[in-house]
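S.K.: The lines below spell out each chain.
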Amino acid sequence: MAERVRFWNRWPMVLWLAGVWVLLWGDVTVANVLAGLVLGCLLVMAMPMPKAGFEGRPWLPGIVNLVVRFLGDVVMASVQIAKKALSPGRPPRGAVIRVQLRSQSDLFLTVTAQLCSLVPGSIVVEAHRLAGLLYIHVFDVSDSGGIDGAREHSLEIEKRVLYAFATDAAIEAAGLPPRKRLLRRRRSTEVTS
Amino acid sequence: MSPLEWLASVCFILGCSLNLIAAIGALRFPDLLARMHAATKPQVLGLILTMAGLAASLGSSQLTWKLLIVVLFQFMTAPVSAHMVGRSGYRTGKVRDEDLVVDELTEDLRRVQQADTQPPTS
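Those protein sequence lines, which keep their order, are chains S and C. With the numbering used here applied, the first sequence has no gaps in its numbers, which climb one by one up to 175 at the end. With the numbering used here applied, the second sequence has no gaps in its numbers, which climb one by one up to 442 at the end.
Don't take every hint at face value.
To be verified - If you anchor each label on the Cβ, the simulated ranges turn out as follows: (1) S:Met(-5) <-> C:Gly413: 35 to 43 Å; (2) S:Gly127 <-> C:Ser401: 25 to 33 Å; (3) S:Val61 <-> C:Thr397: 21 to 29 Å; (4) S:Gly54 <-> C:Ser377: 20 to 28 Å.
What the hints contain is simulated information worked out from the structure, not anything from laboratory work. All residues carry an ideal CB built from backbone N, CA and C; glycine is no exception.
Chain S with its partners taken away, still in its complex shape (with noise of 0.2 Å):
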């Protein structure tokens, strides 16, 4: 019987699999979408995951905040690889820095980790679960801001993770101030954030 309970939890995954047969085949017919679902039940019944549990709470402003950043953030990375590739001289040093997270779920572990690896300036190369530490290669320690501004970036990063997709007592427990204040506090600092 747990198990029953168990797979019928994993309905999102399903919706994704059944969601990119769906795109795969590229056009939406009822054909589709029952093949979809009916590939994605046996390849969760097939192969089940390990879960990953998610309790949060998806946020609007703080998911808009996190995509349109980060988009910004990745033609910034490109634009800094692209000119340390072509400028000549010696390519610039890097670090290994630690970082300690705030927030004590795997979850958004795993995906401030992806999301430090794709902005500039950072590559995540280990990651300590149980801690909560990230360990960051940072490609050039002078443009970051030195060490400690690299890992003001990825706490900043984490930041915007939490802000999207944590639960309030999550980010409480974070030390971060509520979402309510963030959006009071924003509108009287538009200018100088």
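Fit chain C to the given chain S structure using the hints.
M.R.: Just chain C, lined up with the frame of chain S:
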């Protein structure tokens, strides 16, 4: 040329240049970890631009969705592959200390090893 073709051309040229730059970076950067930066960042944006160019030039909605999946999976897999290469480089001693300003991972790994080799105190 129609505006759409112009857009596609610009996307193709920018995307291909970024991929070329990624290759040059991977060749020129001195150590493994710096090379991984070149392999993840300009390469991902280059692929996005190339796919956008394809979407603009083909103009068929069926293919646009497939291109979107390509980009989505690139976003998910590029950090993972960079992480795996960096991690295995660390474990096999391919990361040279002298290339790094600070290396807190090696410090921590050494500390853990020392704690392991020392007899338990309690």
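S.K.: The structure should be examined with respect to each hint, and the outcome stated for every one.
M.R.: Here is what the structure says about each hint:
no., hint, result
1, S:Met(-5) <-> C:Gly413: 35 to 43 Å, "holds, 39 Å"
2, S:Gly127 <-> C:Ser401: 25 to 33 Å, "holds, 27 Å"
3, S:Val61 <-> C:Thr397: 21 to 29 Å, "holds, 22 Å"
4, S:Gly54 <-> C:Ser377: 20 to 28 Å, "holds, 26 Å"
Of the numbered hints given earlier, the model fails none.
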